[in-house]
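Asks: Single-letter residue listing:
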Amino acid sequence: MNLRVEGVSFRYPSGVLALDGIDLAIPSGQLLAILGENGAGKTTLVKLFNGLLRPSQGKVYIGDWDSAEHTTAALARRVGFLFQNPDDQLFERTLAREVGYGPRNLGASEAEVKRRVARALKLVGLHDMADAHPYDLPQPQRKLLALAATIAMDTPILVLDEPTIGQDEVGRGAISRILTDLHRMGRTLIMISHDMDFCAEHAQRMLVMLNGKIHVEGTTEDVMGQTKKLDEAEVAPPQLVRLAQALKMPGTPLTVDDFVDEYKQWRKKKKSK
Amino acid sequence: MRGGSIYIERSSGLHRLHPLTKVALTALCFASAAALPGLPWLLALFVGLLLPLAIWGRLTGAFLKACLLVVGPFVLSLTIIQGFFSGGETVLFNLGRFVFTQEGLLAGLTFAARLLVALGGTLLLMQSTPQPHLMQALTERGFPPRIAYVVLTAIQIFPSFQDRAQVIMDAQQARGLELQSGLLNRARLLLPMVGPLILGSVMDVSERAMALEARAFSSPARKTSLNTLADSLLQRALRWLLALAAAALLLWRLWSALQ
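Chains A and Z, in that order, give the protein sequences. Counting from 1, position 247 in the first sequence corresponds to residue 247 in our numbering; the numbering is continuous, with no gaps. If you want our numbering, it's the position in the second sequence, counting the first as 1, plus 1000.
If we strip away everything but chain A, and leave its shape as in the complex, we get (with noise of 0.2 Å):
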């Protein structure tokens, strides 16, 4: 399912401009990463699209709803949202509640609600504690809870608010291949995230945020390639990506494979010169 932003603008009670014209569309099925520092307006624009804020001016489309004609709870119908901190959602006794909580809002029979707690909990690899009380998770497995409980919901688009914060290698990796497997699915993923490194191995597209504005977008290569907009956003491309500039490389190089091949080439080059 796509999703289409025309013209928003969002203004805070207290006066502060978060959002300053935007104009954006997102294909369905697409990973998009939104970047940019604290306070940018990352937050707020995700926001807009399952209805917790509304827009002071402009439209928010979600596939062909318009999003002020439906409330929050309508809009879990098509955007699952997952929150920072898990702890902000988590109530029932056992994970498998926990995940069956929001398809059980959304009217769906026991049996549908069954099976989705069961997809979501393999999906995510807590199948196996599926009547385990959640707190007696360690934090980052109470990330992938609720990352769970939004799967479970079953939604075309998923907003995904820094995903990876809070988790070793093991749960990077773990999100990783959830990402993977939801892209592979066709789901339309919008990821927050100030880690970098995984925002470019994964993102097809990028987004740059400042000032309430879309600073730079484009395909993730290009865009880590703009290095003066990415300091003007106070953003820090990956750290290959800076090794590569570093040595003066051609190309983006995103994962390590990428940066081994370009710069075997490049060594070849240069020494044949």
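One or more of the hints may lead you astray.
[Said to hold, decoys possible] Not everything, but these chain Z residues come out facing chain A in the computed CB check (under 8 Å):
1. 1171
2. 1172
3. 1174
4. 1175
5. 1176
6. 1192
7. 1196
None of these hints come from the bench; they were simulated from the model. C-beta atoms are modelled at their ideal positions from N, C-alpha and C, and glycine is treated no differently.
Following the hints, put chain Z in place on chain A, whose structure we already have.
Replies: Just chain Z now, with coordinates in the frame of chain A:
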């Protein structure tokens, strides 16, 4: 004003007074509310002392508004209850077989005025004194720091509670929870809202306690305060005077009652 704090930042002489001077003034207000004999005395104290202090503190609007908001409903209910049920000979009007008397009305208004004076003193203290300064003044006079911390935290927790409750509500709405009116619907919201709020707060408290201990909160050494509370001989004398006046008023009231 937000959450548990009603302090209003202003640059005024009242704000600059030592917190304990204002505590002594509040004590005098409470003693006056309990001891002064009638409505004219109480109103005179409010108009002659508390109102000028509020003007001096540049708090007039907020002070009067808060007084009205809190005491207003009491004035109404007390005058109605006392007017109809406390008896008296001067009948003002009848409502069926119920009689509203002037004596009852006066008793209700006097009771409300006592509340007004006690509340007025407390409001002036709270609106012109940051809570940390009040606690600092008390701990400097031997009030246990642990209790001061508990009191302060209890007051300051409201804003963070509000913020957290909003995030939780957002998170549950994003999971399809429909916010509807009605008692049953509200009951349905309770667990998904209160559960994460309580659990999160307990975890916060535990982490905060560890962070405080890691920074020597329980150290028996005398703590150095970043903030110095200005005091003077005049204020100290004034405090004694206010405290003596409060004690004298209460003793006089007791003596009058025994006569």
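Asks: Decide, hint by hint, whether the structure agrees.
Replies: Status of the hints after comparison with the structure:
1. 1171: 4 Å, holds
2. 1172: 6 Å, holds
3. 1174: 4 Å, holds
4. 1175: Holds: closest Cβ of chain A sits about 4 Å from residue 1175/Z, inside 8 Å.
5. 1176: 3 Å, holds
6. 1192: 5 Å, holds
7. 1196: Residue 1196/Z check passes; min Cβ-Cβ to chain A is 5 Å, inside 8 Å.
The earlier numbered hints are all upheld by this structure, with none contradicted.
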